[in-house]
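Sequence order for the protein chains is A and B. Counting along the first sequence from 1, when you hit position 73 you're at 73 in the working numbering, and nothing is skipped either side. Counting along the second sequence from 1, when you hit position 529 you're at 529 in the working numbering, and nothing is skipped either side.
Hint data in this document are derived by calculation from the structure and do not stem from the laboratory. Fair warning: there could be bad hints in the mix.
[Claimed, not checked] In silico SDA-like cross-links for lysine to any residue, where the CA-CA straight-line distance does not exceed 25 Å:
hint : chain 1 : residue 1 : chain 2 : residue 2
1    : B       : K71       : A       : E151
2    : B       : K71       : A       : Y52
3    : B       : K71       : A       : I125
4    : B       : K533      : B       : S217
5    : B       : K71       : A       : A139
6    : B       : K71       : A       : D119
7    : B       : K162      : B       : E109
8    : B       : K71       : A       : E117
9    : B       : K71       : A       : Y154
10   : B       : K71       : A       : L174
[Said to hold, decoys possible] Across the chosen pairs, the derived CB separations fall in these ranges:
hint : chain 1 : residue 1 : chain 2 : residue 2 : range
11   : B       : D99       : A       : A139      : 42 to 48 Å
12   : A       : Y79       : B       : R108      : 36 to 42 Å
13   : A       : E149      : B       : E83       : 37 to 43 Å
14   : A       : Q147      : B       : E90       : 36 to 42 Å
15   : B       : E63       : A       : I133      : 40 to 46 Å
16   : B       : D99       : A       : Q147      : 30 to 36 Å
17   : B       : R108      : A       : E149      : 44 to 50 Å
Bear in mind that the values here come from a model prediction, so they are computed numbers and not experimental data. Every residue, glycine too, gets a C-beta built ideally from N, C-alpha and C.
Next come the chains, spelled out residue by residue.
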Amino acid sequence: MRTNKLLVQPKKLDRFLVIGVTTLLLAIFLTGSISPVRAFPEVEDYYVGINYPGLALGLNFNDSALELRYFTDGDIDLYGARIRHDLYHFEGRDLSENIIYLGADVLFTEFEDTLTEGDGLMYGIVGGLETPISQSITANLDIGPYQVEIEDDYSGLDSNGLHYVLNFGINIFLW
Amino acid sequence: MNKIKQYQHEVLFKNFTSLKFLLFVIFLLFCFSPLENFTTNAMASLRLGPVEAVESEVDDLEEAAEEHWQKIYYDNNCNYNPEPEDCAEEAGIPSHVIDHWFDDSETREEMNLEADYYISLLYDTQPLLDRGDGVYGGTVKFADFSGSDTDDLALSGIDADKNYRLSLHKNRNGGFNSTPDTEPLDGEGDGLEQSSLIFADFSGDSDLDMAVAGRDSNQDERMMILENQSGFAYDASAEKPLKNNDDGTGVWDAALAAGDMTGNGVPNLVVSGRDVNDSPQLIIYHKDKYSDTYATHWQPMADTGGGLWGGDLALGNFTSRYEDLSSVGYQDLVAAGRTGQPGDGQPKLNLYDTRRSDSPAELDSPFEEGLWFSALDLADFTGNHRLDLAAAGLDNNNQPRLLLFENIGDGNFILHDEPMVDDGGGLSGADLELGDLTGNGYPDLVAAGRDANYDPRLIVFVNEGNGDFKKYSEPLADNPELDAEGLWSASVSLGDYTGDGRLDLAATGSITYAHYSDHYYHLNLEPRLFLFKNPVR
């Protein structure tokens, strides 16, 4: 059981910072200034993702991927899936292949706190960048708006809101 | 190789041009378009990982749930319930919420979960806000003078518009109109300052009559008994019985008390104050059973300064145990105030035994320093079946005091407690009343006045048994909405105006303090009248 967090407010970031980060990511994608090196892979890859804070199991096929995702911090659990589509491949400075991708997440959540307990849904879209850090490991970073809708089983009260979520993790390719 | 790359780049660029453009437009719309309000809220925070986003919503939900359950808790008056946890459970609050509240001492204290069981007073209204606001230098009194079984309200003093008031407000479904039902002295002096007002059945018709004394708007000292004849109307005869027997016409800096001191079943009227010559008086009037005339019966201080002013009077049979019915009709007298003319004399706290003697015998004072600008009340707050004494006022060192004396028998009092000794010292310009607010069988204490720091106060002391008084609340200072810390030149009255059988509180006085010598004394005073209801179930 977590401590009473009513006095602890989440850190608020300036909207312009968010806009700036998003603009930077989109600018990389939109300007196309970094030259691509090759087309999308033709093979199917399985990978395990270690995301903050959770795990994923993914299947890559051609320019798309399907991930089963799980996140937890002990009191909040999220289960769900992500569909990812690789939009753009380009060559990095060391000739490695980088990928700009779009994704859509749908997650079912269960939570338990001091006074509330219940479940809900979280869904959103992301845009991000995946870059290799070794032969079979890539790192990814994406951001996007998520809608969160949860309901307390005891009081029947609900809460919902739109959040910008910054995701990052590493994928370990098994084949 | 370069050509291949250039070719791939061009192909890919073309393939994605339309998509890029679409995404860019969506992005701009998202950030700067008419959806700005929507996005402003959304972008107000950035979350690191999806868990943090859910956590943020859970935090909001926790806050909403806390408010939700607290509302149910307070709506069901569980904080006034002796068994608040059981009450909360009955109200449908989940056990884990109750456990969280009550297991954590900090939460328990912050939420004031059970404290209000004792406070038992909730601010209700200020009935005079659009008509004078309240009064200072006077009296507020609950009494059922209309015979409606709920207490009506009477008050005297000077209001915020500097009008002299003597007004009576009938109870109307647990409330009072700002417009008085009766103003008996309208056009006859208007009202009375430095006044006292009491109710008793002086005429023997079972209706509550009113006695009042003070100085009117013509600066004349007045004292009268207004008989209740389905209302109070002034005529000259109201003052006649007293006028016929005295040099002066009345007193100000006055105190009144009524009770049967002679054992004939008819209330005597006790009066103290300054007369037209500024001479202090203490007079016990006796009403002839067979005529309407009042005559001076006793003047217990005739040989010791004449009387007292700026004080208070209390009647009760404190020379014997109160279940001793044989002496019920012989009310003893406590009198406080200052002797001599202004600038002279000294404060006194005098006790008089009236047991079947030709003249009241003065008993040893429990407090030789005396008290003026004072207030008195008698009740058995120690549970020893004798009337104990609560007293407040300025002592002979001009220090405000609040003193609780225990009656140890035969009219002997010893100091039992001084509950404000570490919290402002005591009260002056004070009023106090004892009454069981909590329903625990012990009289509690409500006191108002200014303390040693010249701060106006209004304090509820709860009697936790055997006279152990604990300051439990300051109904004005504790309520930030009321913009008042306390009352000076104050008057308090306990009575049931809501009709629920519990004692409610009326309190009036100035929310500011000003010294009498202040040229702008009257301008600097802000009188207000507050009503607090008692929601204890």
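Verification of the supplied hints:
1. Proposed proximity of K71 (chain B) and E151 (chain A) is supported: the alpha carbons are some 19 Å apart, at most 25 Å.
2. A distance of roughly 38 Å separates the Cα atoms of K71 (chain B) and Y52 (chain A); the hinted pair therefore is violated under the 25 Å criterion.
3. A hinted pair counts as satisfied when its Cα atoms are at most 25 Å apart, and K71 (chain B) with I125 (chain A) does not qualify at roughly 38 Å.
4. Proposed proximity of K533 (chain B) and S217 (chain B) is contradicted: the alpha carbons are some 33 Å apart, above 25 Å.
5. Only pairs whose Cα atoms come within 25 Å are accepted, and K71 (chain B) paired with A139 (chain A) is rejected, the gap being roughly 49 Å.
6. This hinted pair checks out: K71 (chain B) and D119 (chain A) have alpha carbons roughly 24 Å apart, not beyond 25 Å.
7. For the given pair, K162 (chain B) sits about 43 Å from E109 (chain B) by alpha-carbon distance, which is inconsistent with the 25 Å threshold.
8. Distance restraint check for K71 (chain B) and E117 (chain A): the Cα-Cα separation of roughly 19 Å lies within the 25 Å cut-off, and the hinted pair is therefore satisfied.
9. Taken as a hint, the K71 (chain B) and Y154 (chain A) pair is honoured in the structure, with Cα atoms around 15 Å apart against an allowance of 25 Å.
10. Taking the CA atoms of K71 (chain B) and L174 (chain A), the gap is about 55 Å. The hint is violated against a cut of 25 Å.
11. About 45 Å separates the C-beta atoms of D99 (chain B) and A139 (chain A), a value consistent with the hinted range of 42 to 48 Å.
12. Range check, Y79 (chain A) to R108 (chain B): about 37 Å between beta-carbon atoms, so the 36 to 42 Å window is met.
13. Distance hint check: the CB atoms of E149 (chain A) and E83 (chain B) are about 38 Å apart, consistent with the given range 37 to 43 Å.
14. Between Q147 (chain A) and E90 (chain B), the C-beta spacing of about 38 Å keeps the proposed range 36 to 42 Å intact.
15. Hint check: E63 (chain B) to I133 (chain A), Cβ distance near 41 Å, so the stated range 40 to 46 Å holds.
16. Judged by the Cβ atoms, the range 30 to 36 Å given for D99 (chain B) and Q147 (chain A) holds: they are separated by roughly 33 Å.
17. Checked against the hint of 44 to 50 Å, the pair R108 (chain B) and E149 (chain A) fails, with Cβ atoms roughly 33 Å apart.
In summary, the structure is inconsistent with hints 2, 3, 4, 5, 7, 10 and 17 from the numbered list given earlier, while agreeing with the others.
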